[in-house]
Amino acid sequence: MTTTSGGAGGATAPSDQELPTAVEDEVLEQERRRWTPAKIAIWAGIAVLGGLGWVMIALIRGETVNAIWFVFAAVATYLIAYRFYSTYIERKLLKPDDRRATPAEHSENGQDYLPTDRRVLYGHHFAAIAGAGPLVGPVLAAQMGYLPGTIWIIVGVVLAGAVQDYLVLFFSMRRGGRSLGQMARDELGTVGGAAAVIATLAIMIILIAVLALVVVQALGESPWGVFSVAMTIPIALFMGFYLRYLRPGKVGEVSAIGVALLLLAIIAGGWISESGLAETFTLSRTTLAWCIVIYGVVAAVLPVWMLLAPRDYLSTFMKIGTVVLLAVAVVVVRPEVATPAISEFAGRSDGPVVPGPLFPFLFVTIACGALSGFHALISSGTTPKLLEKERQARFIGYGGMLMESFVAIMALVAAISIDRGIYFAMNAPTALTGGTVETAAAFVNQLGLTGVNVAPDQIAGAATMVGEQSIVSRTGGAPTLALGLSQILSQFLGGAALASFWYHFAIMFEALFILTAVDAGTRVARFMLQDAVGTFVPRFRDTSWRTGAWIGTVVMVGGWGGILIMGVTDPLGGINTLFPLFGIANQLLAAIALAVCLAIVARRGTVQYLWIVLVPLVAVAVITVTASLYKIFSPVPGVGYWAQHFAYRDAIAAGRTSMGAARNPAQMEAVVRNTFIQGSLSIVFLVLTLIVIAAATVAALRSIRAGGLPGHEDEPVPSRRYAPSGLIPTPAEKELEKRWLASAGAPSRGGGH
Amino acid sequence: MPAAVVTGWRTVRWWFRGVLGADAYERYLAHHDRSGHDHPPMGEREFWRARIDHQERNPQGRCC
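Protein sequences appear in the order of chains L and H. Residue 142 in this note's numbering sits at position 142 of the first sequence; the count goes up by one each step and never skips. To convert, count from 1 in the second sequence and add 1000; that's this note's numbering.
Quick caveat, the hints were computed from the structure, so don't treat them as lab data. Please note: incorrect hints may appear among the correct ones.
Far from chain L, by Cβ distances over 12 Å, these chain H residues were calculated [stated by the list, open to error]:
1) Pro1002
2) Ala1004
3) Val1005
4) Ala1022
Using 20 Å as the maximum straight-line C-alpha spacing, the simulated SDA-like pairs for lysine to any residue come out as follows [what the hints assert, rightly or not]:
5) L:Lys250 / H:His1054
6) L:Lys250 / H:His1037
7) L:Lys250 / H:Asp1053
8) L:Lys250 / H:Glu1026
9) L:Lys250 / H:Arg1045
10) L:Lys250 / H:Glu1044
11) L:Lys95 / L:Ile151
12) L:Lys92 / L:Leu28
13) L:Lys250 / H:Asp1038
14) L:Lys250 / H:Pro1041
15) L:Lys250 / H:His1039
16) L:Lys250 / H:Pro1002
17) L:Lys250 / H:Gly1043
18) L:Lys250 / H:Gly1036
19) L:Lys250 / H:Trp1014
Even for Gly, the Cβ is constructed at its ideal location relative to N, Cα and C.
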């Protein structure tokens, strides 16, 4: 992990040393406390607008509510939380010191340790943390109505998600960019550390599996989607060869070509779906699942330059591009939302999309966007090695997560702007809808939802509109989101003629984000596995050892691939059984990350502000433990894995050959097997996380009793550079920056501008 | 007004290149310059190969 430090010894610039490397804390404090009339007016305006937004979405009960109010409520809350709560955390808990050099500065190596302009790093960090997660969870949670999801996404990010990202980023930065696993070992000792690593690996397997399942559900029986997503592979390969042999380093150029080819692939997909080739590209979900498993192995062992690096460029380009496009479209189109604030399913536990009562299942269904443990893996490791100044951790960590939350809000808006009848026809599993437009319409209409009466030709019409053969039981969230987006975007650009293009555009970028996460996740997990096994068999530590790499890859792909195949073939419908496990796993990872933060904060001795960590930790622990207990012990077969397991086992023992959604003995056996695996995973996750939380609590109590203990932070190294902390510099920061620019030039901007 | 448009375009371009990592070689040169090594910097092609090799050994996660 150590790197050759190029910058530490060499970057002496005598004239710079006269300049301070930080704005004095008192000066910043004074600026913060000085309330000019303009400042008061701006913040009062933000507060009023946000309050108005909340009143409109939470209290006013009209026929419809305009989507713009969601934007106002969310953005105003984010701004207020960022301005007041995140600075509170900064001042009281973390106390960054700009006179200390960050790892990027003191270990600069021109590669992964590199001081990066904060605005660039913000985009970079956002592209690393955001993906399909915040786009999918809110869609599924929309069955409960829009209000519970909206509140959780916004309040959750302010008090939990952004706090986690910020704390992990800061603590990792103070430790040379150490990974979450390494910090867990340092803080929690051998047992807690080992439990954290095993839990992380197991959680990564389920996360990748469910993400892959979302792609399969979106592409199954869709020649258009299959063709355009499959084309991303040759496009990425072309980009890889271009960068390697034709024009090395022309990343911007090749990305632009790649995106153009991508758009062409989407258009060509439309031609394919209407041509004789449509048959060839119509693949069953099981075939697709196997394709993704094979792809996963190949992508993980191919050289990075061929597939992974170029795909990452495409994915980054699309992430930034689509988020901007989406935000502009929502603001311009301002769709009317006809979904009720709180739906009939909010008070029941038999929702067809994801089963279980609102608490805790809404809070695990929406993981990314409110609180995502996976981010802890990015906030430790990658981003801290790029931070230019300590104070920038707040903008990157807390601020970056606010942006992801905003993406989740926009996904929610898209999902609730489509007709509710169609929403349920798309998101209920085939076991309930029967798979045809007639049976789906009958199913939806008998749900007894107010104002919902969908006709079969309405569902068929929606499918034709977006160029699909069928949209019935397109579970997984991605197709619903794509339908919502295509409605919004076609009102913004292109009209009805482009609806099918926008639908497949949305499917394409979701698949692209997910496949990037699958590639990169498999590789990261393989390295983690090799590192863990290396403790016992040292040879595995050598990641360039081919045999070890193959074994590690096959084990990881086998893990997620097995769960993927299980989900695809599940007679009960894979998404509704597996998605809760995905959410629980992601939140458990958050619990682990926050537990590590708890131990660190207690060690620092700042006990009176421990509540900042305890609030999200206790909340997420209660949510995930309750959800896990439901999944393990609930006697309701739709909710509890084991209840389902024993119900089917008893039925088989009683000689029955079909029950519920399982129509033959083989399907009965499949349910018994799947529920056994799902139930066992629930128990494993829960036990490991409880071990980590217990270890963290013990470590924290020991530190508190001792009144703080020496920490594991790196020795401070004096900084020799300066840059402002937030997006907009304060006057004092601007002044100091100007002096630095005059004497040394823009430090992190590099060469050509 | 055109001057503002040009500046705006340049800023967007600078930002996007940074986020993508397209400016990595320029930043490596700047880093090399700053750190005062006495050996010459890597050539562009050589640098990108080294960078990819580095990524090969240090995979970076991409989140959901």
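Status of the hints after comparison with the structure:
1. Pro1002: Holds, because the least Cβ-Cβ distance between Pro1002 of chain H and chain L comes to about 18 Å, which exceeds 12 Å.
2. Ala1004: 16 Å, holds
3. Val1005: At roughly 16 Å from the nearest Cβ of chain L, Val1005 of chain H sits farther out than 12 Å, so the non-interface label holds.
4. Ala1022: 4 Å, violated
5. L:Lys250 / H:His1054: 18 Å, holds
6. L:Lys250 / H:His1037: Roughly 26 Å between the alpha carbons, so the hint for Lys250 of chain L and His1037 of chain H is violated.
7. L:Lys250 / H:Asp1053: Holds, because 17 Å separates the two Cα atoms, which is no more than 20 Å.
8. L:Lys250 / H:Glu1026: Answer holds: Lys250 of chain L to Glu1026 of chain H is near 12 Å, not above 20 Å.
9. L:Lys250 / H:Arg1045: 10 Å, holds
10. L:Lys250 / H:Glu1044: 10 Å, holds
11. L:Lys95 / L:Ile151: Violated, at roughly 30 Å.
12. L:Lys92 / L:Leu28: 14 Å, holds
13. L:Lys250 / H:Asp1038: 27 Å, violated
14. L:Lys250 / H:Pro1041: 19 Å, holds
15. L:Lys250 / H:His1039: 25 Å, violated
16. L:Lys250 / H:Pro1002: Roughly 27 Å between the alpha carbons, so the hint for Lys250 of chain L and Pro1002 of chain H is violated.
17. L:Lys250 / H:Gly1043: 14 Å, holds
18. L:Lys250 / H:Gly1036: Between Lys250 of chain L and Gly1036 of chain H the Cα gap is close to 26 Å, so the pair fails against 20 Å, i.e. violated.
19. L:Lys250 / H:Trp1014: Between Lys250 of chain L and Trp1014 of chain H the Cα gap is close to 14 Å, so the pair holds against 20 Å.
Checked against the numbered hints given earlier, the structure breaks hints 4, 6, 11, 13, 15, 16, 18 and satisfies all the rest.
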